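Number of protein chains: 2
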Amino acid sequence: MTDFRYARRSAILGKSVFDHAPGTITMSSGAAYPPLLPDVVREATEAVGPLRAEAMQYAPLMGLDDLRSEICRFVATDGIEAKPENVLVTYGSKSAFDLALRVFVEPGDRVIVTRPTYMTAIHIMRTHNVQFLDIGQDAEGFDTDELERKLMRLRANAEPMPRLLFDVPDFHNPTGITTSLARRKRMVELARQYNFVICEDDPYRRIRFEGESVPPIKSLDTTGHVISLGTVSKILAPGLRVGWAIGEAGIIRRMALQKADGGSNAFAQRIVVQLMQSNKIVHHVDELTAQMRTHRDAMLEAFAEHLPEARIRAPLGGYFLWAELPEGDDAERIAELGVEEGVEVSTGRLSFPGDGPGNCLRLAYSFIGEDEIRRGIAMLGTAYRRYKSAARAA
Amino acid sequence: MTDFRYARRSAILGKSVFDHAPGTITMSSGAAYPPLLPDVVREATEAVGPLRAEAMQYAPLMGLDDLRSEICRFVATDGIEAKPENVLVTYGSKSAFDLALRVFVEPGDRVIVTRPTYMTAIHIMRTHNVQFLDIGQDAEGFDTDELERKLMRLRANAEPMPRLLFDVPDFHNPTGITTSLARRKRMVELARQYNFVICEDDPYRRIRFEGESVPPIKSLDTTGHVISLGTVSKILAPGLRVGWAIGEAGIIRRMALQKADGGSNAFAQRIVVQLMQSNKIVHHVDELTAQMRTHRDAMLEAFAEHLPEARIRAPLGGYFLWAELPEGDDAERIAELGVEEGVEVSTGRLSFPGDGPGNCLRLAYSFIGEDEIRRGIAMLGTAYRRYKSAARAA
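Protein sequences, first through last, are from chains D and R.
For the first sequence, the working numbering begins at 519 and goes up steadily by one.
For the second sequence, the working numbering begins at 519 and goes up steadily by one.
In isolation and in its complexed conformation, chain D is listed as follows (with noise of 0.2 Å):
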């Protein structure tokens, strides 16, 4: 075995949240229902046979422009006003996330998130080797106001200020909050005053159980402070890997640039163009929300049966349930009896930038059915219980 020299970034070793455990029921990933994937058969076949010259060729590297006026199309429905210049194709919103921080953050910058956030864009940062800049979370979302005590101090003593915030407003993951209108509207403020970036993830907002839809952060700047992050992996299905950025044109093209491998799948591209031009994809959300509402009300039920212990808000939308058990719990531990039992959780832990409380779960009611979201819940109350009667024993 040979002993290289890494680079920094590459010390991110561990677990990958992609490997599951063979043969559990699955809650430790937002996947797609497989139920609802969508039928593409038309859009496919008529992608690579009377299409085959685009969708098997090199796409532009910005993305077809078709798909680039059907997302504008897309997006202006939540009131964000977006040319196809603004607009750019990536392998989901994941891939345009790293791009913004090629292009903005440097090793050692400060980035401003959450805490807890996504698990994945914090791996994604760490091959980064940022400093994070972690804000609270209350029932109105992101803290404004610790985040403006935070930059103040940070100015106050000179100390390099954060170029970039990543946040998803919307049905968080994984706390499943959304961030209100005020509180958006002060983020903004603060990206103009202190010159950073907002990377506003937003992969869950038209998944919607109840209540009223919030506007994006983007559709509040009209400085090119934000960034808008999409995907069609939540709405219609992860493997087709189609996404986009909006922002600023130069900013946007400065990202294209960052691209290793130019224009992302055309023919993945052409099938979404497709689906957005015969409105498949709006009657695929709705049917999705309807199932992901009942996916929802079956985890809040079991919890309520098998597991009172845990303290819940209930999700209005999007795909994860947060957990909080007794203070002193060890949801390690307890997740680990719950793959002894048969089902997979995510721990909290995984979703703090930092060193987070031990006591909390994420639960993804996404990938799998009612019947097996009881059963789910249900081993790991049965694991629960028997982490109480080992701690008792101890």
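The reader is advised that the hints may include incorrect statements.
Pairs involving identical chains hold if they fit within one copy or between any two copies, as the list cannot separate such chains.
Dumping the calculated SDA-like pairs for lysine to any residue here, alpha-carbon to alpha-carbon at most 25 Å [claimed, not checked]:
| no. | residue 1 | residue 2 |
| --- | --- | --- |
| 1 | K601 | M794 |
| 2 | K798 | T563 |
| 3 | K703 | H824 |
| 4 | K798 | R560 |
Simulated from the structure, these hints should not be mistaken for laboratory data.
Note that the structure is a prediction, hence the values are computed from the model and not measured.
Chain D is fixed; fit chain R onto it per the hints.
The following block gives chain R in isolation, referenced to the frame of chain D:
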């Protein structure tokens, strides 16, 4: 317009190689020949039909198991021994190369390349802010003597040693040269002696018109110093965006963890599995090779007729032809006049990591048919005459 501080790597701007002048005969890009784009209607229909639960879902981080097994079988015929744990599926070999850079290179590190080398690889390396250690080529390919001299001098001066070597040893892009077996062995010896990693980019090896194959550098590697980068872009279709890296398992795992977007496109991966399992890929390569040979022949004949001033070494395979104009000729101006005439070629300078000679052109014969090749070179000949008479008049 806001004034952000961008990361240093984002200073790379300028024209993308994916943007083409509209309405011209394109010889500037190694895109696929449209009439030979493979018919994958059956494979695509199966992937999004019966296999939808896999194709539309997140793929495993390393890629589909079936594909990694097929890739092992595919490269075994080249003498490369690999197990699935040695194979990472990526979006083409470009993104595989980017992952290798993420693992091995810090900003300012030295990377060994030929002068000239693959223009997009230069772009990708620049986004990592590397320094280039450039090495010449002769008829036997990579000049290992020059490399050894330079390595010895760096060591003697206690300068930082290079971390990585990038090369296209088969039908080199842009020069078309294939590096000899003796030189390949020497490259591996030097990699071991000076402890750098060789990234062997191998997209063209199967597009051989005449002569005997030379074993891949990876097949000569017993110590894990070589990473083989492969892709179906040049042998099936660029639009699939399926490539791979093959290397020592520990390196491959590190590269996987640098992926921002998880397990790539399951859909396209399944199509490639099917094309490999059915051996359709082998038949396709045979057909494609025959076609590319006629393209090369047409281009050579057209040069002899319309631009005999250019010095050309007939490529024995691959997609590209390297033309050296008489010393002092301004290839950039000739290329501009070419666009006016209706043909687009790449100036040789784009393929040099530093400031290369100004009298070379890179021409791809992959994308267009024989007739367009003949017409395009005739236009280039006209552009050359115009350049010469303007030069005489000045």
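Going through the hints against the structure:
1. With identical chains, the CA atoms of K601 and M794 are at most 25 Å apart within one copy only, with a shortest distance of 17 Å there and 41 Å across copies.
2. For the homomeric pair K798 and T563, the shortest alpha-carbon distances inside one copy (16 Å) and between copies (19 Å) are both at most 25 Å.
3. Neither within a single protomer nor between protomers do K703 and H824 lie at most 25 Å apart by alpha-carbon distance, with minima of 40 Å and 64 Å respectively.
4. In this assembly of identical chains, the alpha carbons of K798 and R560 lie at most 25 Å apart whether taken from the same copy (12 Å) or from different copies (23 Å).
Figure legend: structure checked against the earlier numbered hints; the only hint not met is number 3.
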